[in-house]
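**Student:** Those protein sequence lines, which keep their order, are chains A and B.
Going by this note's numbering, 53 is the number at position 53 of the first sequence; the sequence numbering is gapless.
Going by this note's numbering, 98 is the number at position 98 of the second sequence; the sequence numbering is gapless.
Just so you know, these hints were derived from the structure itself, not from any lab.
All C-beta atoms in this analysis are idealised placements derived from N, C-alpha and C, irrespective of residue type, glycine included.
Be aware that a few hints might be false.
[Unchecked claim] Now the stretches of chain B that chain A is said to cover, found in silico as 3 or more residues with beta-carbon under 8 Å:
1. 10-23
2. 77-83
[Claimed, not checked] To give an idea of the chain B side of the interface with chain A (calculated C-beta under 10 Å), a few residues:
3. LYS3
4. THR5
5. THR26
6. ASN30
7. TYR32
8. TYR34
9. TYR36
10. MET59
11. TYR87
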Amino acid sequence: ETGVTQTPRHLVMGMTNKKSLKCEQHLGHNAMYWYKQSAKKPLELMFVYSLEERVENNSVPSRFSPECPNSSHLFLHLHTLQPEDSALYLCASSRGQFATNEKLFFGSGTQLSVL
Amino acid sequence: DAKTTQPTSMDCAEGRAANLPCNHSTISGNEYVYWYRQIHSQGPQYIIHGLKNNETNEMASLIITEDRKSSTLILPHATLRDTAVYYCIVRVNSGYSTLTFGKGTMLLVSP
C-alpha cells in the first residue's frame, strides 16, 4: 500500500466512449502526476500538477484531459481514444515544491484497453 | 537530467546478493542518483537515492564511485519477490519530480 489509490484497476472502452480515471493520495503531498506506460516501453510523463496548478504538459493529445480539483485528487478524462492509447496509466504523488528529498509514490495503475 | 546506462537484464540466485550497475558519466554536481523498481503490472516503487556518499536502507545499499560517474545498487539477499525492472535515474533534488524513466534492468531472481 503506497498511499496512492487508482480506480478503476482495469478499463475497456470503445473509441467513441468517454471515461475518467481517478487517483487519490492520502499522503498530504502537493504534487501529482500522470504517467503512461505502453507495452514494452519506458514510462512517459504526461502531466504534472503542483499545488493544484498544471505545471507540465508533455505534448499530450487533447483527447486526454487532466483535472486536479484539490491536492488529494487527480483525474484523467478520456474521450475519442485510439487503439494505440491502450496502456497502463499510472498516477503518482510527491511532496512537491520546497521538498528536499523528493520521492515519487505510485499507484497500481489503470490498465486501459481501447477497442 | 543526465542520461544513464544500465544492462538490459541480469540473473541472480535466490539468497545471493544482486549487484545492479548504472553508468551516469555526464552527471552534474547537483544531481542525485535515484533507484526505483517496477514489479510486473504495478507502479514503480522508490528504493533509495544518494548524492555522493554510500547509502543504506532496509531495502538496499547504494554505492556511488568517487568520481560519481557510476553507481551500484545492492540487494544483499535477493528473494523471488525482488524480480522486477530496476531503474537508475539521475536528477536534481528539488521541486517537483519529473523523473525520466529509461528501460532499466530486468532482474530475474531464480530458486
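**Student:** A separate judgement is required for each hint: does it hold in the structure or not?
**Tutor:** Hint check:
Counting residues of the segment 10-23 of chain B whose CB lies closer than 8 Å to any CB of chain A gives 0, so the stated coverage by that chain is violated, three being the minimum. Only residues whose beta carbon comes within less than 8 Å of a beta carbon in chain A count, and the segment 77-83 of chain B has 0; fewer than three means the coverage is violated. Hint status for LYS3(B) relative to chain A: violated, with the closest Cβ pair at about 12 Å, above 10 Å. Contact between THR5(B) and chain A, as hinted, is not supported at the beta carbon level, the nearest pair being about 14 Å apart and thus beyond 10 Å.
Contact between THR26(B) and chain A, as hinted, is not supported at the beta carbon level, the nearest pair being about 19 Å apart and thus beyond 10 Å. The interface hint given for ASN30(B) is violated, since its Cβ lies 12 Å from the closest Cβ of chain A, which is over the 10 Å cut-off. Checking TYR32(B) against chain A by beta carbon gives a least distance of about 9 Å; that is within 10 Å, so the hint holds. A least Cβ separation of about 8 Å between TYR34(B) and chain A falls short of the 10 Å threshold, and the interface hint therefore holds.
For the restraint placing TYR36(B) at the interface with chain A, the shortest Cβ-Cβ distance is roughly 8 Å, inside the 10 Å limit, so the hint holds. For the restraint placing MET59(B) at the interface with chain A, the shortest Cβ-Cβ distance is roughly 12 Å, beyond the 10 Å limit, so the hint is violated. This hint holds: TYR87(B) has a C-beta 8 Å from the nearest C-beta of chain A, less than the 10 Å allowed.
Violated hints, in rising order: 1, 2, 3, 4, 5, 6, 10; the structure is consistent with all others.
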